[in-house]
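Asks: Whenever a hint applies, use it, and build me the whole structure from the sequences.
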Amino acid sequence: MHKQLTTGIFCTLLCLSTAVQAQQTTPKFTVNGAARSIYFADVLEQELAEPDTVTPPRQNSGHALADIGVNIRPSEDLEIQGMVRIRNDFGGFWGAGVTFDIRQLYLKGVLNKVVRYQLGDINYQLTKYTLYNNDQELYDLSPVLLAHLSDQVMYDNFQNLDHSWRQQGAAVDFGFNFRSVIESADMHLFTSRVMPSNFATVSDRLFSSASIEWVQGAYLSGAFTYASLYDLKGTSRNDILLQNPVYTASLSSEKSFGNWTLSGDLEAGMSQTRYLEDPLAPERSDVFSDLMFQLQDAGGKLSISAGYKWVGPDFRSPGAQTKRVLFDAYPAAFDRLTNNQLVRSLTMLDLIRESSLYNLQLSEGLMVYDPRYDNITPYGAATPNRQGLQANATCKLLDDRLSANLNGLMLTEVRGQGTTSYRQFNRLEARLNWEQESYSKNKTRALKASVSLRMDNTSRPADQEGVPSVDLSTMIAGTGLEIEILEKTDLVAGLLYHSYSGFEFMNQTDAYGDIVNFNEFNADGSQWMGGAGIRYRFSDQVYVMGQYNNFGTSNVIGTLPAYGVSQLALLFSMEF
Amino acid sequence: MKRIALITAISTLLLAGCTRETDLFDGPDLNDLYGEFNLLQALAVNDSEIDFAAGEKAVFTAEFSKNINWTLTITGQESGAVKTITGFSRTLDASNATWDGTTTQLPMFRPEACDVSLTFETEEEVYETSVSVETARPVEGLLLEDFEAGWNPGWGSFVQSGADMSFVIRTDENAAQGGSYYDMGGEVGWDWLIGLIDIPGSAYGAPTFDLATNPDNIYFNVLLSKQPDLSNALVLFQFREDDNGDGVYTDGEEDMFSLEVALNDQDGWQLISARYADLVTLVNGAPADPIGNGLNEPDKLIQVSILMLANPVSGYAQALMDLIIFTENGPLKP
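For the protein sequence lines, the chains are L and W, in the order given.
Okay, so the first sequence: first residue is 3 according to our numbering, each after it adds one.
Okay, so the second sequence: first residue is 257 according to our numbering, each after it adds one.
There could be a bad hint or two in this list.
[To be verified] A partial selection of chain W residues facing chain L, derived with a Cβ cut-off under 10 angstroms:
id, residue
1, L280
2, F281
3, D282
4, K322
No lab work stands behind these hints: they were computed from the structure.
All C-beta atoms, glycine included, are put in the ideal place defined by N, C-alpha and C.
Replies: Listed below in structure tokens is the structure:
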């Protein structure tokens, strides 16, 4: 009996030991993913002389979805990830409205412990002038209350926080170490298929890049990057082939002086855009240069940066200039208003929660934008036809609980549009964030508050009698509050306000992007969205939230009446 | 610190190379779209009496305060011929406002005084001047007939004995070119054919017409006029070729190409031009297999026939005809 007991204990310990060992090694099979359930109850309110008897004033919508991913590691240097999305729109019973999609599929590994590779779905990002997925309008100024909604849209459309573009293709990375001149150099090769051929008029369109990042020492590094969007010859019967290569070189250096570090970053390059075998197409070529100096204290309390940029009017970089939002699309909710069923244009309500308005793929040429949201950098840092000063200052105060950020842009055009006079672009942007781990003396209760403000102005005086002057001013202000009222239970409130007024010319372009005419753009109105909600955090990755917010808009110019949408949103979100 | 200086130096060089384009702009000139319109230089012509036969041309000049869509209209006071020249510019000069005597709307100009007006798409102002045509612009090509010198004695004709027959040359203000034209009309209740004209090559000094060999470069041109309230006239042009070179056309063995024109659209004169290579074999108005070697060979053209046709039950039919001419390298520019 004693011997049996001893043997049993030994076996149990052996099993436990084996289990512990197994936990310490990377499991060969794991399940990951995310799940979400969201429900919107909307009520439309219109300011009309006669009641709208056509448009239903209430709309309810919602869905539940699960992204179930399987990660398989057949060996230490090989990984396979597949993810299936199961979605069920509320109201779709017995399988109706249920969709199954492959959301992610890739294979990656390391060859001979030297060459990393990945095939399939790849999130890829280069520099701000070659491949960079710029934030959508309003996003960085939105309070957390509304960000909870737009985060779902971003997740659905693979709009990642690292500003990478979701592509399907192959990537290879490898590096070298050197004994002299430079310490190391890393090579990154990437290619993806942006658009498939239809074997007749549309050729396969690829995006390929090659970059070398080198480090000379602790204080100097740089990179050469080549990125190109191009049509593959022979994949269709269409002889016209797009070629849009971008070449850039960057240099970074830093030097410490006591408690301060001075750093400099430079990126410069050029682009070419041509359509082979198309005698009507123009050939564009232009350059850019972007220089920033930064002075930062050792503790990270204060940082000041300033620089100068110059982006030529014909600089075209599809990887960096493609927009997230399709501004020529129409909203799904309340798409028509009034008894005359006037088409409703996009608003902040739609930008924040409408997933179908977002673009998933790189675009040739410059996409449509709405100057009311951003007329200065509609295509991010790589917005063409801009030159001037850029400055930024950040500081942290009160034991890092208060952080402040100030941005400024003073830009002008490089080449006039319709006149030899240049537009002037001025931006002032300020942010204040307050983060307190506990506002209560007895219990741990977190408090976060934020205030943000962006003021833009575009102007161009009229240099000829009868020609209207350009003067468009916009303001976006946001404020948010998160206060933990019970353990893991937060009161979340926020307000986003956007106003716009003035006059601007919008470019009307031909198929090649050449300006053929100007459309008058008059703006005078505002929109706002604000509310409050309760959030319960099961963990850092799982929460449930109910929020009520109100959207309103009024336009002095235009045919649409002032209207608003009050919205009750219930959201359950988890990642695993 | 040296490295920071290096970056600064490189940046300075790069930015120095990035210069503004002070004299260029993208898109149309906003001044053209919004600027005030003024006439800076009055409408004028380089010569008020133009001798087109001597190679002279009329050059109109004017200057405005902005680029604008303009239309210059020249109207013959006697013929009613109209020439329009359009453009988008802020000046009228030899590059965009030169008149070589051609016509936009038939009839053709003849020696006469002409009114000239300058109008604008977006402005109400009208500026006027005048010019005199001393000699009309000569047309180039193998002229078969313009009826100015009467009936060609080498031609043959057949006219049915119907009612109100009028196969005659008329001289009046209705001519499309010059002062005379040919009037074909009548009512034949028992046959489609009202009358015909045979134009043999021998009428011009040789069995075949003096035309080049390449059918792609040879154009047959004729001016026809539809009469008001009459939409039943059919004019059939037949082109007989001497394929075997024996000096005669052998019916049923050699090619006969055709061009059929139905005058049932707009009233008035119209230019009919056909590339010789596009002429086809017709049987009762429908395309058919060639009769001879099937090759369009203008240098072997031995006879041109003009048949005036109409449905026998349609009543009186009439067509006016003027300036029958072959041209090379393009249709006739009237």
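Asks: Does each hint hold? Answer for all of them.
Replies: Now the hints, each set against the structure:
no.	hint	in the structure
1	L280	holds (6 angstroms)
2	F281	holds (4 angstroms)
3	D282	holds (5 angstroms)
4	K322	holds (9 angstroms)
In this structure, every one of the numbered hints holds.
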